[in-house]
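Engineer: One-letter residues, chain by chain:
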Amino acid sequence: MSEKESLFSEKNIKLFTDPFNNGNPITVLVLGICSALAVTVKLQPAIVMGLSVTIVTGFASFIISLLRNTIPNRIRIIVQLVVVAALVILVDQILKAYVYDVSKQLSVFVGLIITNCIIMGRIEAFALGNKPLPSLIDGLGNGAAYGMILVIVAFCRELLGSGTLFGIRIVPESFYVKAGGFYENNGMMVLPPAALIILGVIIWVHRSVNKKLIEK
Amino acid sequence: MENLIGIFVQSIFINNMIFAYFLGMCSFLAVSKKVSTALGLGAAVVFVLLITVPVNYLINKYLLQAGALSWLGEQYNDVDLGFLSFIIFIAVIAWIVQVVEMIVEKFTPTLYNQLGIFLPLIAVNCAVLGASLFMQEREYSTVAEATVFGFGSGIGWLLGIVGIAAIREKMAYSKVPPALKGLGITFIVTGLMAIAFMSFSGIEIKID
Amino acid sequence: MNRDSNVYTVLYAAVLVVIVAAALAVAAGALKAPQEKNKEVEKKMNILTSVDKIHDVSKADDKNTYIENEYKKYIVEAFLVDANGKRVEGDAFNMDLKAELKKPERERLLPVFVCNDKGNKQYIIPVRGAGLWGAIWGYVALNDDFSTVYGAVFDHAGETPGLGAEIALPEFQKQFSGKKIYRDGKFASVEVLKNGSAPLNDYNVDGITGGTITSKAVGKMIFDCLSNYTKFFDLQKQNN
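Protein sequences, first through last, are from chains A, B and C. So the mapping is simple: our numbering equals the position in the first sequence, first residue as 1, plus 8. So the mapping is simple: our numbering equals the position in the second sequence, first residue as 1, plus 2. So the mapping is simple: our numbering equals the position in the third sequence, first residue as 1, plus 6.
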């Protein structure tokens, strides 16, 4: 890759967009499901979580890529963990200081970004062998694609489970049985199993459209 | 004692790491194709949780919490190293996993052959870090409680992964829509298992 | 330099640790003030919510200043109460309720906040207890007859979403206003019933459907915490 390549070269754009389809970290590579599904009951925390993961993945890839020629082999994993953990602590402190309400909802799940396999996965698979800028783009793309899945899941769960989006009422009050209507929220949607089932359906749809991803 | 039993039952069935918090999903999905390997990984996770949660509990209590350093003297009463907890917890976990790996390799080579390949995976298993973070957030009052919580969480995780592996072995013979094969159907089955586990939440336990 | 040598590895690790630790300490130090402020404002907001004084926080330009001003306007006094119901001066706002409730009953010093809205006085008492999964807490405001509840607010660490977690919603909390904590001259607190299990009267409220354990825990928390104050209530009633 030449030094003068522009930021928006075809290659870089592909690095950013590929995770959204063929290389989606969740639906194709099965990475990083752990730490985030629990925050998809409402849209707002899901978006904050998605952004946090994007930032951490991008910068962790960037920093490791900068250091890639200096890291001693024997402590490679530890160095990576330390860099990631430091970034996560920064994100956690900033959330606590500026969006306190959301940070309370995310609780321990911010800390769990450290063990989010996407981050380590991208560092090992990409950042260790590439220049800082492409690594940053690769990290941001993967984080954003991951955030997108979170947002889709959260959208379904908040709309069907609470009848709201971003806390704003979408299903009118008068539709509800309580007010003499016919509608009732789907209580299952706010419970953990719903996230898994919605994710299963998303994968189903994704693979039906993109047939080459079907497992043998 | 009642309290300990309560925490144990709760961490296995009700606040199950996989079904209630989705923790450890990556290895859960990757290593659940065969019951025997699932059992090996599950056992390794139980083992590591049993050690890391109490160790991190002590570190949190005597080093990190606000005012935890007061045993060093009056002037340390206001020190709050809480912001370091993520990094210390993950370092302790990585370190313990290494030590456990070496000990197991040296003394019980048979066990090492069974668990060995899984041990390095565990350092980045979210369930392990998650258990330490939950231990911190829930403010357990004694080491015994923290240990029981760690052990119970591990057993719960083991139950989950062995259960899904057994289902996946049988599912190989079923007609699943092609696009749903593998990952998709596994998620949906996990969701159904989670619903089944939710019926345990009716258990009434008194926890102080 | 040889990347696999011991010296290099150790030096590298040491430098990394120092850099990371320094960066984190600086960040934590710089962000400490807004973080503490958030906690303080949240507490003030809870206290004000229990006396129903928070209405247009979403309209306020700056939430923090709005809450601070309202708090200054309405909360005129805060003091501690000892086991004999005597008033003791002290920092009621920053005291650690959890630590205090662990002490034997005789040694406890518990806070009371007084709200004064144009001569209408309410006494706000913090409550704390154990829910189904973790801690639950809140504030109960009493009228100045010390036997009628004016309002209440609750929050929780990790109750089941959609079930026990609903104790944090106004629909549940509103039921408490107007309930009596004394029955036939004896302290009885407000009972939280299993949803729909008995007809409601002045002394109980309806629990949350499917959240029976959390609902009962709220009842127990209110009973346990308010019973620490019965001597204080008696003294105040005599003075009235």
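Check the hints yourself; a few may be wrong.
[To be verified] In silico DSBU-like cross-links for lysine-lysine, where the CA-CA straight-line distance does not exceed 30 angstroms:
#: 1; chain 1: A; residue 1: K112; chain 2: B; residue 2: K172
#: 2; chain 1: C; residue 1: K200; chain 2: B; residue 2: K63
#: 3; chain 1: A; residue 1: K219; chain 2: B; residue 2: K63
[Said to hold, decoys possible] Short derived list, chain A residues pointing at chain C, Cβ under 8 angstroms:
#: 4; residue: I83
#: 5; residue: L98
#: 6; residue: I102
#: 7; residue: Y108
[To be verified] Cβ pair distances, simulated, as ranges:
#: 8; chain 1: B; residue 1: Y64; chain 2: A; residue 2: V185; range: 34 to 44 angstroms
#: 9; chain 1: B; residue 1: K172; chain 2: A; residue 2: V159; range: 27 to 37 angstroms
#: 10; chain 1: B; residue 1: N115; chain 2: C; residue 2: K43; range: 49 to 59 angstroms
#: 11; chain 1: A; residue 1: N218; chain 2: B; residue 2: Y64; range: 48 to 58 angstroms
#: 12; chain 1: A; residue 1: T172; chain 2: B; residue 2: K172; range: 20 to 30 angstroms
#: 13; chain 1: C; residue 1: K109; chain 2: B; residue 2: K172; range: 48 to 58 angstroms
#: 14; chain 1: B; residue 1: M104; chain 2: C; residue 2: E95; range: 55 to 65 angstroms
#: 15; chain 1: B; residue 1: K172; chain 2: C; residue 2: N207; range: 47 to 57 angstroms
#: 16; chain 1: C; residue 1: D68; chain 2: B; residue 2: Y64; range: 32 to 42 angstroms
#: 17; chain 1: B; residue 1: G75; chain 2: C; residue 2: D151; range: 17 to 27 angstroms
#: 18; chain 1: A; residue 1: Q113; chain 2: C; residue 2: D151; range: 31 to 41 angstroms
#: 19; chain 1: A; residue 1: I85; chain 2: C; residue 2: D102; range: 13 to 23 angstroms
#: 20; chain 1: B; residue 1: M104; chain 2: C; residue 2: V21; range: 49 to 59 angstroms
#: 21; chain 1: B; residue 1: Y64; chain 2: C; residue 2: D97; range: 45 to 55 angstroms
Simulated from the structure, these hints should not be mistaken for lab results. All residues carry an ideal CB built from backbone N, CA and C; glycine is no exception.
Engineer: Which of the stated hints cannot be reconciled with the structure, identified by number in ascending sequence?
Structural biologist: Of the numbered hints, 1, 2, 3, 8, 12, 17, 19, 20 and 21 do not hold.
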